[in-house]
Each structure stands twice: as structure tokens, then as C-alpha cells.
Amino acid sequence: MNEIVPRNVKHKDNRRLGISVLSLLPLYIFTLLFVAGPLVYMFILSFMQRAEVWGVVNEFTLKNYAGIAEPIYLKTFLESFKLAIISTLSIILIGYPFGYFMAKLSAVWRKRMMLLLMIPFWISSLIRLYGWIIIFRANGVLDKVLMGIGITDAPLKLLYTYPAVVVGMVYSLLPFMIFSVYASAEKLDWSIIEAARDLGATRWKAFLTITLKLTLPGLLSGVVLTFIPSMGLFFIADIMGGNKVVLVGNVIQEQLMKAHNWPFAAALSVVLMILTSLMILLYRKITHVKDLEGLV
Amino acid sequence: MNDNIILQLDRIEKSFGGTEVLRGINLSVKQGEFITLLGSSGCGKTTTLRIIAGLEIPDGGRVLLEGRDVTYDEPNKRNVNTVFQNYALFPHMTVEGNISYSLKLKHIDKTTIKKRVDEALELVQLSGYGKRMPNELSGGQRQRVAIARAVVNQPKVLLLDEPLGALDLQLRRQMQLELKRLQTHLGITFLYITHDQEEALNMSDRIAVMRDGVFEQVGTPAQVYDRPKTSYVAQFVGSANIITGRVISQQDGTVTFTGANGTGLAMLRNEPAASGQTIEQSVCRQPVMQVDSGQTVTAAVRREHILLMKEAPEGTKGLDGVIKEKSFAGGLLQIMVLLRDGSELVASRHGIDSELKAGDRVLVTWKPENAVLVDMEDAK
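Those protein sequence lines, which keep their order, are chains A and B.
Under my numbering, the residue at position 226 of the first sequence is numbered 264, and the numbers go up by one with no gaps.
Under my numbering, the residue at position 181 of the second sequence is numbered 194, and the numbers go up by one with no gaps.
Treat the hints with care, since some could be wrong.
What the hints assert, rightly or not - Partial chain A-side listing against chain B, Cβ under 8 Å, derived:
id	residue
1	LYS225
2	ASP227
3	SER229
4	GLU232
5	ASP236
6	LEU237
7	ALA239
8	ILE248
9	LEU252
What the hints assert, rightly or not - Reference listing, derived: stretches of chain B covered by chain A, where coverage requires no fewer than 3 residues with Cβ under 8 Å from a Cβ of chain A:
id	stretch
10	82-96
11	100-109
12	112-118
By construction, these hints were calculated from the structure, which means they are not laboratory data.
Beta carbons are placed, not taken as given, at the ideal position from N, Cα and C, and that holds for glycine.
Could you put together the complete structure from these sequences and hints?
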């Protein structure tokens, strides 16, 4: 639209751009070294052979990728996807309304809620998960309460079950969904929803056609922020699921730390990354959202 | 006449957090009327509109639409549409999508929707803009889309909340004419909100001047402008001078009174408003008011009617004053006069300067018929 830019203005902008690029250079170098670097390294590693005792041999092979095709690993991938979908859906169901209504609160209460959501982050997520063990274990807090008020008469044995893993995932990742939905909902012009109501939409219809559409970028980035980690957060599956629930993350960790098969672990990681990227691409296609709130 | 009433407000009351915003307002709007709520910000005019639209529930009173009580009906259950102050267009929909929104909700068939959207676009002179997104339009164009979106549904009453507030002066003038044309063409009742008295006088069939949650006066532009009932209306609508004094005598409908400190004599005409105002005789009739000698009265005299005489003929009744300063504003020369009792008033003149200089002693007078009695208890 603004094709006509006076020459001197353009000049000035160029100079400013130069300065900003320079000042951002350390950031780019850091990203290159510590984000892009390891990714490239991992990618190369996945095509190498495992050494007899320790490390890798510089020899090209596709053996690692062929290994993933074995039923046991395919099943793990499938299981991980299933858990990630269940967790993400639960997180949407809780996190979306939470973030949405938080944006409707008064400024004072918004700040208070924000603080309440932030405080748990000051404690390691591992330690917070141990809290769930105390609640869920046989004759733990939950059992005692339920038996105390007479809803159940025997311990539920919730710990080391599939639902326990889902609870752990939802608990750990929920804030990410809340924050990204909140960021989207906070920018909503509420008079637009009033306009929809004024034009004949019921509350529900106005929500579907206006509110949901306009907060979709936030919801979507929340999905990205929760779906990907829930495939790989192996320690949650470990702590909450014992060894009953095995995720791709657990396999990768095992291959890397216990079996010392680095190339295979790398190959698993690459496949995981490709699959999740495909998922997001697909999701973006379906929802037609191009800009993710706070992401991309 | 009663079956002509399309919208009725019956003792509407509303408070927000202990602050009374509306204190029992009554209003009857006739089918096809262009009525304006005029008042400064915070007077309760937007709250009134939101109550009619159903976006706010009043604490007391009733809203009747075509004789039906809709006070507690949801906004989507009322045949009333709103043009919002900030337009409130749906940013994720095209112009067409915005305009057809209400029609799609009614499950009207596609060809009819298309036809009506095209008609609405033509009505606001935006044919061919259907595929644009709201953020690709100028302020004036967005304004038109908001109007098209609101009228496409053929509402009984169209509510407009300062719709021209964000436009520049020239565009505002043009849109005033267009809105009036549109209203005449569609025959829809318009309830218009503004704080701009010029806009109100220009477009309205009737004006309701609002202040602190009550209507100070409801009447035709001519009534509100020429026969203000209260000093607030006189000042807000006509930026008139307010002069108080004590009644000395009354003869043939002309009241003579002194300035507040007995600093001279002034006159006003106490008689019914001029005839010839056929619209709503009942509202416009201002009865001859009961005035007693010695009573304190308030008169409103508009700036252009103030006469300043350096050398007055013997026996001319008027107030003594001194020219304080002159300034050029609003296309007129404004002369500020300090009266002997310390109050100030302003006279306006055409032209850029006058022979009168600051410090000149003058006699301030006006023709009796140009002074209007205001703030009378029985005027209500």
C-alpha cells in the first residue's frame, strides 16, 4: 500500500535497521549455537552407527530409522500420540474457559490470578509432581478424603495408572494453555460480541462465530505448547505411571542414558519432531490460522 | 396517535456502583421519527441506548417496543439494531460477511441474502466493496458498513451511538446529510446520540436534552433552540447568556426586571411561543408563566441578540457594563462584557472587529422578545 516512501526516510530506516541487527547479533549467535546447532548435530547423529562400547562411529547408515519401524516402537509412537491427544483435549477443556474468563476479570483480579498461576513455576516441576504422589498413592490424601466422607470404602490405587499420567500432564502443561488463551482473549474488543448479540445471535452462537474465531490463534498456540511436550515429558510418565505407560520420550531417554545408543535415540527424536510438525501443519490447515499467538 | 408510538421508555432507572446514572426517564418515540439524545459525556445517554438495545438491564422502569414489554428480553430477541461508537465490525469477516451476519442467523436463503446485502451496500454507496476486510477500509467507509449491517435487518428502531464522533469535520457534515437522507428513505425510526448540538439541530425531528440522568427538555430543534426551558438547555444548545434579576413590573406580557444587584433594568417577553410550529403542539406550547413582582427570574438571551450601546437614547432599559475583551471564534467576533454586579456575558457579531474597545462603558440591552424565561418551576 505505502509504495511511495521519500528517499531520505528510507535511508534513515535502513540505518536504524542496521543498528537493530547489530544489537540483536549476540542473540542470533546464541540461538545458532545452542538451538540450531544441537538440532543439526542430532540430525547428523541419527545417520551414524553405534560404537561397540561408547559413542558413535562416523559411518553413514539408515539402520536407525529402519529400527523404528519395528512394532514395539511404532506402538510406542501411537501410545504417545494417544496420550498427547487426550492430555491436550483435557487441557483445552479446562484451560480455554479459564483463560477466557480471566481476561474478563477486573485489572486487579487479573493480576492476582496471574500471580497465582506464576507462583508454582518458582518450584521445580519435578517436586510439584511428587505432591501428586502424596495425593494419589494408596491410602494417600485423596483416598483418605474419599473414604472419610464415605464415597469409597477401599483405596482407589490411582497412582501408577494411565489417568494419573494424564493428570500429571494436564497439571504440568495447563498454565501454557491458560496464558496463550488469555493473551488472545485480552485483546478482544467486547463490543464486537455485543454487536453480534445485537444482530440477533444467541450467547452460544456469538461465542462460536465471534469469540472462538478471534481467540483461535491463542488456542492454537496453546495446543502447540502443550501437545509437543506431552509426547516427550518422560519423567511425568515415569513418576505418575510407574513403568506402565511408556512414551516416545521414555524410549529416547532409555536409549540415550541406559542403552547408550545415541544414533537410535537421535533417529527417534528426529521422527518425533517431524511427526509433531506435521500435526501442527495439519491443524493450521484445518483452522486457517496463520499467526499463532506469541509463536511463529 | 397512541398506536403510532413505536418505542416507549417508562420511568427508567439505572445505577452503577451506587451512582445514579438514570433517574426515571420517560420518552415516547413515534414511528419514523428521528430523535436525538443530546448531552455532555456522562449524562446517561449511552446507558439509555444500551438499555433499549438490551445490553443493559434497568434497575427500574420498563422499555416498550411496539407496545410490548421488552425490558428483560435478550438483545437478540429485540427488533432493534445498533450502530456502535467504534463501529464494532467483525475483524475476521469481509464487508459482506459483516452485513449478512444477521441474515444468516435467520437462515434466509442465499440468493435473498446476496440481494439484500447488495441493496444495503448500494444504500451506503459502497457497492463493490463487499469482498474487502474491515481493516482495508477508511474510517468513513467502516462507518457506512456499520450502518449497512444495522439496517439490513430492517429493525423497528435504529440506535446510533455517536456514530460520527471519530470522523473529521468535513466528513461528519457530509455523513449528517447522508444519514438524514437514509432515514427518510428507509422510514426507520432513528434514536441518535450525540454531544454535538449542531449535529442534533441539523438532523433531528425532536431533541431530548439530557443532564445527570434526566431529560431537561424534549422538543423540536426550534423549541429547544428558541424556547429553552432551563438555563442548562439555553447554554448547552444555544450557548446563551443567563441573566438573573428581580421583577419590577409586568405589562402587556413584557416583564421588566433589574439586574441581580439592581444595576439597571432589563425586559423580557412573557408570552406563548410563536405559532406555526405544527409538529406536536402539546409539547411546544409554553404557557404564559405566572410571574409576581419581586420574584427572582432567570432569562436566557443568545449571544447574537445582545445589543451593546455606547450612547443609549434617554430611557433605554438595560444593564451597565464594561467591555472586557474581544476574540474571534467560530466565525464570529465574541465580545465579553463585565456587568457591574461582577457577572459576565458574551455578545457575538459578524465581522472580524468592532469599534468597541476593551474598557468602553456600554449599556447592555436586547429586544424583549429575544429573552426567554427559564428555570421556572411550573414550566415542567
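*Out of the numbered hints, which ones does the structure contradict?*
As far as the earlier hints go, only 1 is violated by this structure.
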